[in-house]
Amino acid sequence: NAGVTQTPKFRVLKTGQSMTLLCAQDMNHEYMYWYRQDPGMGLRLIHYSVGEGTTAKGEVPDGYNVSRLKKQNFLLGLESAAPSQTSVYFCASSYGASSYNEQFFGPGTRLTVL
Amino acid sequence: AQSVAQPEDQVNVAEGNPLTVKCTYSVSGNPYLFWYVQYPNRGLQFLLKYITGDNLVKGSYGFEAEFNKSQTSFHLKKPSALVSDSALYFCAVRDSNRDDKIIFGKGTRLHILP
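As given, the protein sequences belong to chains G and S, one line each in that order.
If you number the first sequence the way our numbering does, the last residue is 115 and the count never jumps.
If you number the second sequence the way our numbering does, the last residue is 117 and the count never jumps.
Read the hints as simulated data drawn from the structure, not as lab findings.
Please note that a few of the clues may not be correct.
What the hints assert, rightly or not - Heads up, incomplete: computed chain G residues facing chain S, CB under 8 Å, no partners named:
#, residue
1, M42
2, G43
3, L44
4, L46
5, E103
6, G107
7, P108
8, G109
Claimed, not checked - Now the stretches of chain S that chain G is said to cover, found in silico as 3 or more residues with beta-carbon under 8 Å:
#, segment
9, 44 to 50
10, 104 to 111
For clarity, every value in this text was computed on a predicted model and none was experimentally measured.
We treat Cβ as the ideally placed atom computed from N, Cα and C, and that holds for glycine.
Build out the structure end to end from the sequences listed, making use of the hints.
This is the structure we're talking about:
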């Protein structure tokens, strides 16, 4: 099993450009999440999904959109990138709806917006 | 509202000595508590969790954590530190009354000195 994979690994954008980050998991997990990690801020939840076709806002959703058209994929979109979106983005997934299931993380995408 | 605090940004421990990384939490329901570790340029990896039962939880790589309900704490411990334990450690909490979100602490950087 590959677990959770993310593409791309690195990306540099200019302000105003758009891009999509792809997350894929092969563990048949119901829940999927997008986080951003910034120095001294820990992980902050951007959006999450509790199942195929459903999405919900997290702690810092502004400037991002997501889609979960297939159970195994969770896409994060930036329509008009801003320098404040320079960060490392992590996707995660977890099994089932129980609060006590741990999350499995991808390797991250390092995004720089100039 | 649920929250988690890691009061130390950095902890330095000599190799072979015991280590403790502190975590306190606040939830309205029952807490589900997690520790994750992040090595450089990698995603987070699950170490251990407390759901219910025995207050002392054992996890990967020889780590353990003690749940203390009265002090609302979940400190991570290891009897004898290794240089390879040097990494960024995150405590996280889920509220049994909130099935959807997990809150991460800001992280504690652990340095094991040879």
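For each hint, the structure was consulted:
1. M42: Holds: closest Cβ of chain S sits about 6 Å from M42(G), inside 8 Å.
2. G43: Where the cut-off is 8 Å and the nearest Cβ of chain S is about 4 Å from G43(G), the hint holds.
3. L44: Interface hint status for L44(G): holds (4 Å vs cutoff 8 Å).
4. L46: holds, 6 Å
5. E103: Nearest chain S Cβ about 4 Å off; hint holds.
6. G107: Check passed: Cβ of G107(G) comes within 5 Å of chain S, closer than 8 Å.
7. P108: Because about 5 Å separates P108(G) from the closest Cβ in chain S, which is inside the 8 Å limit, the hint holds.
8. G109: holds, 5 Å
9. 44 to 50: holds (count 6)
10. 104 to 111: This one holds; 6 residues, not fewer than the three required, reach chain G with a Cβ under 8 Å.
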